[in-house]
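A.B. asks: Protein sequence lines correspond, in order, to chains A and B.
Residue numbering for the first sequence follows the numbering used here, beginning at 14 and increasing consecutively.
Residue numbering for the second sequence follows the numbering used here, beginning at 3 and increasing consecutively.
It is worth saying that the hints were derived from the structure and are not from the lab.
Keep in mind that a hint or two might mislead.
Stated by the list, open to error - So the derived label-pair ranges between C-beta atoms look like this: (1) A:Leu33 / B:Tyr180: 54 to 60 Å; (2) B:Thr158 / A:Leu54: 35 to 41 Å; (3) B:Lys214 / A:Leu54: 49 to 55 Å; (4) A:Val37 / B:Lys176: 44 to 50 Å; (5) A:Val61 / B:Lys214: 41 to 47 Å; (6) A:Leu33 / B:Ala145: 50 to 56 Å.
Unchecked claim - Covered stretches of chain B, as calculated for chain A (at least 3 residues, CB under 8 Å): (7) 221–233; (8) 236–242; (9) 255–265.
In this text, a Cβ means the ideal position worked out from N, Cα and C, and glycines have one as well.
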Amino acid sequence: MSFLNPFFLIGSLVLAVPVLIHLVRREKSEVIRFSSLMFLLKVPKRAVRQQILKNLLLMLLRLLILALLVVAFMRPYLSDSNTPAAATSNDHGIVMLLDNSYSMRYGTNMDKMKREAVKRIDAMGGNDRMSIVAFNDSATVLARPTADRGQLRASVAALEPTFHGTRYYEAFTTADRVLQQYAKEQKNLIMISDFQRAGWNRSSRENVISRDVKAEMVNLGVENSTNLGIDNVSVDATSFTRTFGGHVTARIHNYRKDLPATVPVSLTLNGKEVPPRRTVTISANSTALADFTGFDLPVGASKGKVRIEADDPLMVDNEFMFSMERREKLKVLLVDGGKPRQTFYLRNGLASSTDLPMDVTVTNADSLRAEDLPMYNVVMISDVPRLSDRVRDQLVANRKTGQGQLVILGQYADLSWWGNFPGFPVKPTQKVIANRNLGKPSVSMTSFDKNSGIFKKFQSSVTFTLSTAQFFAYTQMDLKSGATALAKFEDGSPALAEFTGADRGLVVFASSVDNALPAGWNDFPLKASFAPMFIEVARYLSHSSEVREWYALGEGIPIVGSLVGGVAAVINPSGSREALGELAAGEQRFYTPTVPGFHSIQVGRDVRVVAVNPPSKEGNLDLIPPDELLASVQSTAAEARQAGLFTSDDQLDHARRQLSWWYLLLIAILAAVVEIYIANRSQRAASGAPIPGKRPGSSLFGFGRNR
Amino acid sequence: MSTPIVEGPKNRFIDPKVLMRIQNLELTARTVVEGFVSGLHQSPYLGFSVDFAEYRPYQKGDELKRIDWNVYARSDKLYIKLYEGETNTRVLILLDMSGSMSYGSAEVRKIDYAKILAACLTYFAYHQRDGVGLVTFDSEIRAHIPAARKTGQLPTILKEITNSEAAKETAFKKPLRYLAEVLNRRGIIVVISDFYDEPANIIAGLKALKSKGNDIMAFHIMDDYELTFPFEDMAQFEDLETQKKLHVIPEYLRPNYLSILNDHMAELKKGLTGSQIDYTLMNTSKPLDAGLFSYLAARAHSV
Numbered sequence: 014m015s016f017l018n019p020f021f022l023i024g025s026l027v028l029a030v031p032v033l034i035h036l037v038r039r040e041k042s043e044v045i046r047f048s049s050l051m052f053l054l055k056v057p058k059r060a061v062r063q064q065i066l067k068n069l070l071l072m073l074l075r076l077l078i079l080a081l082l083v084v085a086f087m088r089p090y091l092s093d094s095n096t097p098a099a100a101t102s103n104d105h106g107i108v109m110l111l112d113n114s115y116s117m118r119y120g121t122n123m124d125k126m127k128r129e130a131v132k133r134i135d136a137m138g139g140n141d142r143m144s145i146v147a148f149n150d151s152a153t154v155l156a157r158p159t160a161d162r163g164q165l166r167a168s169v170a171a172l173e174p175t176f177h178g179t180r181y182y183e184a185f186t187t188a189d190r191v192l193q194q195y196a197k198e199q200k201n202l203i204m205i206s207d208f209q210r211a212g213w214n215r216s217s218r219e220n221v222i223s224r225d226v227k228a229e230m231v232n233l234g235v236e237n238s239t240n241l242g243i244d245n246v247s248v249d250a251t252s253f254t255r256t257f258g259g260h261v262t263a264r265i266h267n268y269r270k271d272l273p274a275t276v277p278v279s280l281t282l283n284g285k286e287v288p289p290r291r292t293v294t295i296s297a298n299s300t301a302l303a304d305f306t307g308f309d310l311p312v313g314a315s316k317g318k319v320r321i322e323a324d325d326p327l328m329v330d331n332e333f334m335f336s337m338e339r340r341e342k343l344k345v346l347l348v349d350g351g352k353p354r355q356t357f358y359l360r361n362g363l364a365s366s367t368d369l370p371m372d373v374t375v376t377n378a379d380s381l382r383a384e385d386l387p388m389y390n391v392v393m394i395s396d397v398p399r400l401s402d403r404v405r406d407q408l409v410a411n412r413k414t415g416q417g418q419l420v421i422l423g424q425y426a427d428l429s430w431w432g433n434f435p436g437f438p439v440k441p442t443q444k445v446i447a448n449r450n451l452g453k454p455s456v457s458m459t460s461f462d463k464n465s466g467i468f469k470k471f472q473s474s475v476t477f478t479l480s481t482a483q484f485f486a487y488t489q490m491d492l493k494s495g496a497t498a499l500a501k502f503e504d505g506s507p508a509l510a511e512f513t514g515a516d517r518g519l520v521v522f523a524s525s526v527d528n529a530l531p532a533g534w535n536d537f538p539l540k541a542s543f544a545p546m547f548i549e550v551a552r553y554l555s556h557s558s559e560v561r562e563w564y565a566l567g568e569g570i571p572i573v574g575s576l577v578g579g580v581a582a583v584i585n586p587s588g589s590r591e592a593l594g595e596l597a598a599g600e601q602r603f604y605t606p607t608v609p610g611f612h613s614i615q616v617g618r619d620v621r622v623v624a625v626n627p628p629s630k631e632g633n634l635d636l637i638p639p640d641e642l643l644a645s646v647q648s649t650a651a652e653a654r655q656a657g658l659f660t661s662d663d664q665l666d667h668a669r670r671q672l673s674w675w676y677l678l679l680i681a682i683l684a685a686v687v688e689i690y691i692a693n694r695s696q697r698a699a700s701g702a703p704i705p706g707k708r709p710g711s712s713l714f715g716f717g718r719n720r
Numbered sequence: 003m004s005t006p007i008v009e010g011p012k013n014r015f016i017d018p019k020v021l022m023r024i025q026n027l028e029l030t031a032r033t034v035v036e037g038f039v040s041g042l043h044q045s046p047y048l049g050f051s052v053d054f055a056e057y058r059p060y061q062k063g064d065e066l067k068r069i070d071w072n073v074y075a076r077s078d079k080l081y082i083k084l085y086e087g088e089t090n091t092r093v094l095i096l097l098d099m100s101g102s103m104s105y106g107s108a109e110v111r112k113i114d115y116a117k118i119l120a121a122c123l124t125y126f127a128y129h130q131r132d133g134v135g136l137v138t139f140d141s142e143i144r145a146h147i148p149a150a151r152k153t154g155q156l157p158t159i160l161k162e163i164t165n166s167e168a169a170k171e172t173a174f175k176k177p178l179r180y181l182a183e184v185l186n187r188r189g190i191i192v193v194i195s196d197f198y199d200e201p202a203n204i205i206a207g208l209k210a211l212k213s214k215g216n217d218i219m220a221f222h223i224m225d226d227y228e229l230t231f232p233f234e235d236m237a238q239f240e241d242l243e244t245q246k247k248l249h250v251i252p253e254y255l256r257p258n259y260l261s262i263l264n265d266h267m268a269e270l271k272k273g274l275t276g277s278q279i280d281y282t283l284m285n286t287s288k289p290l291d292a293g294l295f296s297y298l299a300a301r302a303h304s305v
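Take the sequences, apply the hints, and build the full model.
C.D. replies: See the structure below:
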C-alpha cells in the first residue's frame, strides 16, 4: 500500500500530544495537603481500574479517530498485487547489453567489448541465466535467457558493428522487458558500451530499470578521442547548368580537445576525384568548412562524396555522401487572348532570375498550334475566351503524359465553354463585380492551403501573404466533385482550384493577371506574392520535386508515385533490389534504408539516386558518466513506490484503489459515535457529583449530556 | 433529636471569613453572640436562678406563684421577687485538635471555624451563667478544664482554645472513655470535630456519655472541598494527620470518594440521632449561627 499524500503523516504527531500531556502532568503533579486520606484509601481498586479502563478505551478511541483521519488524508493507495516480488533464490538472472552502434568501430572497441562480454559469460554461476541484447538506435535480443554458455558465446562472436546511431533508452526498455522474465533470480544488468553522450536524450528520462536490479556498467569509452569527421555536407542538389554554379560545402569536425588538425579534403563525383583538393586546418574541438564549386556536372543524377584524408581510429565518418542532379530547364508556354498584357506579368515573373529553371515562350491563342504543345512541360492559358477543338484535345491528351496546365478565367473567358473543358475541376457560374454584386469595392484572397504542393514552400514564411491584393472582380466557380480549393476569396468562393488524386495536372485561377487598371479585375500582379506564387504553380505543374542531397541512416525516404504511378523498387548499395510494390499516381510511401551508401529508387520509369550517410553525431565520442546514465533510468526508492501506483491503464482500477480513504473516514465516524456513547455513559455515572465548571467524561466532540 | 440548620436572614450572620480577621477570640465570640441574641424576640432563658436580687411591683400577667406573699402581708402591696442568675446547667465543649482539622480549602480552616464556634458557645454559656468547661483532644486528651461557673473561667477557656493547634491523628475511643469515667455530673456536652474515625467508635463513645444523662451535641465540621471534592488535575494527596501520600486522579476517584463520605456521614447521623444525640453538619464556608441555634435548642431541653 502506498500513499498519495504522504506529507499528511506529519499529522500523526498529534497522536503523541495526549500521551505527552499525560506524562508531563504526571511528572509535574503537585502535592495537595488534604485533611485525611481515610475515604480515598477506601475507594475500591476495582472501581478505579474500571474507570481507568473506561478512560483508556476512550483515549484509544480518540487516538484511533485521529489516526484514521490522518491516514485518510494521506490518501492510501492499494498497490498492484503483481508488483515485482523480491528475489527468492541466490541465482542470478542477467541481461547483458552490448553496444554495436557505429561508434563502436572506433579503434578496437568492438574486440574489447567481445572480450569483456565473454568474461562475464565465463563468470556465470551454475544456475545463472543470461540474455544478450545488442543495441544501437534500436535493440535486438540476440539470446533469450539461457544458462547455455556456448550459445551465449556464439551470440557474442557473431555480433558485428552497425552503421546506426545510439539510443540508450531503447536498450534499457528492452532490458527491462527481459529482466521481468526472471521471476525468482536476483536481477543483474551488464552494459558494455563506449557511453557516448550523444546516445542519451535527456528528454526521454524515464525510470525503466527497477531498483532491485543490480547494474554493472563496463565503460569502453575514451576520454579524449582523436577522431576527425565530416558531420554535414550542404549542396544545391539541383543544377540546370553544365558548370556547377552552386556550392558543395563540407563541415569537418575535429573532436580532439587538445590539438588542432590539418587535413586534405577531396571531392569525388561519380567515382572521379574533382581536383583540386582543399586543405583545412581545424582548431581543437571545433569545425571548419571545405567548399567546392565550378566543376562540370553531367546531365542526370550524380553520386558525390567528400572525403578527408585522415588516419584516425574511426574511419566511417571520414567520408560523406551526397547526390545531385543536373536537369534541363522547364519549358513553359504562356498563351494569351491577343492582348500582350495578359501574359506580361506572368512572363516577367517566371523569368525574373536566370537561376529560375524555366524557359518561357509566349504566344496567343490564335497562333497556337496543337502539334507544338507536347514539347512544353507547363502550359498557362491566360484569359483566353475559348480554344480550338484541336488544341483542346491536344491539351487533354498532353495532360495524361504529365503536362501541367493553368487556366486563368478573366473577363474575356467564355465561362460556358471552359465549364465543358474535359478535366476542368470547377464549374464557372458567373463573373462577379465586387462593387456591383457584393456592395463593396473589392475582395481579397484571404486563405490558402498551406499543405498543398503550391503553398508548402511558404508554410514557415511570415512575409508571404495573398490578402494584400485587391480583387475588384472575379469568376465565381463551383467545385466539382473530387476538386479542392487551394486558395479562396474572403466570401468563400474558390480562387485557385484543382482535382485531387489521379486527375491532377489542371489548375484554375478565378481572376485575370493583366493588371488592367483602372477598369481591370485586380492589382495582384503588382504585389510581392504574385511572382512567387506563379513560380510555385509552374514548378508544381511540372511535377519537378526538389531532391534532398542526402539522408541520415534511419531516416525515412519519401517515395512518391509519379504522375502515372508504377512499380517501386530500391536498389541498395550492395546491388540487391528490394521491391516496394505498385505505387498509384500521387501516392507516397516511406522507405527506411538499413545501410549507408547510394540507393537507387525506381518508380515506374523514373529513377533517382539517394545518398544515405551514417548518423554524423556518432562521431562525437564525448562520454556520459555511466553512473549518471544509470541514475537517469533507474528508479529511486521513492520513485519505485510511486511507480507501483501507476502500472495499470485501467482508470477504474486506479479509482477503486484510491477509494480506501472513504472507508477509513466511515470507520472514523463510527468510532466517533462509539466515543460519544461511552463518554456520555461515563458522564452519567459521574453526574451524581456535579463539579462546578467541570464535566467529567464529556465527549471529544462536545456531545456531553449536561451541556 | 437532631436540630436542623436554621437559616436566618443572611445579613444577620457574619461571614466566617470576616470573623477570621478579628484576632481576639473573646471579641469574636461577643460579636457573634450579641449579634445573635439581639436578633431574638424574646429570651425565655433569662432569670432561672435561686439567689434573691430585688423586688419589683406586680404587673398584670405576672405569675401569681412568683408574688412574695410575706411582703404583701407586711405592706399590703404586691411585689414580685426577682432572683440573681445562677448556674443551672454545665456545658463541656469537646474540641477536636487532630491534624485533619487544620485543613482549609479557603481562608477559613476547619480548626479556626471550630475554635470560633467553641468560643461562641463558651461565651454564650458563660453569660447564661452556665458552668463551662473545655476538653481538647486528638487521639488523647490534650487539655481538660472542668466545667465551672467562676470568675476567670471564660478567659482561661478562651486562652486554651487560642493556644491549641491541631496535630496528630483522630481517635475517639480513648478520650471518650476517659470522659465517661471522669464526668459525674450531667450537663451539656458539645463535640466539635470532623469525625475522621470509624462511626462505630464515635457512636459508642458518645452513647456512653449520653447514658450518664448528658445532653450531647455533635458539630460535624467539614470543608466545602471535602464535601464536593472538586479537584481536577492529577496530584499527590498528602494526609495532614499521617503525612502519607497518594497519587490521585480526582476524576477517577471522585464518585467513589463522595459515595464513601456520604455513607460515613449517613451512618454517623443515623447512629447519633438514634441515641438522641444532636448531629449538625457545619460547612466552613457557611456562617456558624446554625451552631448556636442547635445549642440553644439543646440547652432548653437540658434545663
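A.B. asks: Would you mind marking each hint as holding or not holding in the structure?
C.D. replies: How the hints compare with the structure:
In this structure the hint that leucine 33 (chain A) and tyrosine 180 (chain B) lie 54 to 60 Å apart at CB holds, the actual value being about 56 Å. Between threonine 158 (chain B) and leucine 54 (chain A) the Cβ separation comes to about 39 Å, which falls inside the hinted range of 35 to 41 Å. Separated by about 35 Å at the C-beta atoms, lysine 214 (chain B) and leucine 54 (chain A) break the suggested range of 49 to 55 Å. The hinted range of 44 to 50 Å is satisfied by valine 37 (chain A) and lysine 176 (chain B), whose Cβ atoms lie roughly 46 Å apart.
Distance hint for valine 61 (chain A) and lysine 214 (chain B): a CB-CB separation of about 44 Å, consistent with the stated range 41 to 47 Å. Range check, leucine 33 (chain A) to alanine 145 (chain B): about 53 Å between beta-carbon atoms, so the 50 to 56 Å window is met. Evaluation of the coverage hint for the region 221–233 of chain B: fulfilled, as 6 residues show C-beta separations to chain A shorter than 8 Å, against a requirement of three. Coverage of the region 236–242 of chain B by chain A holds. Counting CB-CB distances below 8 Å, 7 residues qualify, and the rule asks for three or more.
Counting residues of the region 255–265 of chain B whose CB lies closer than 8 Å to any CB of chain A gives 9, which reaches the minimum of 3, so the coverage claim holds.
Checked against the numbered hints above, the structure breaks only hint 3 and satisfies the rest.
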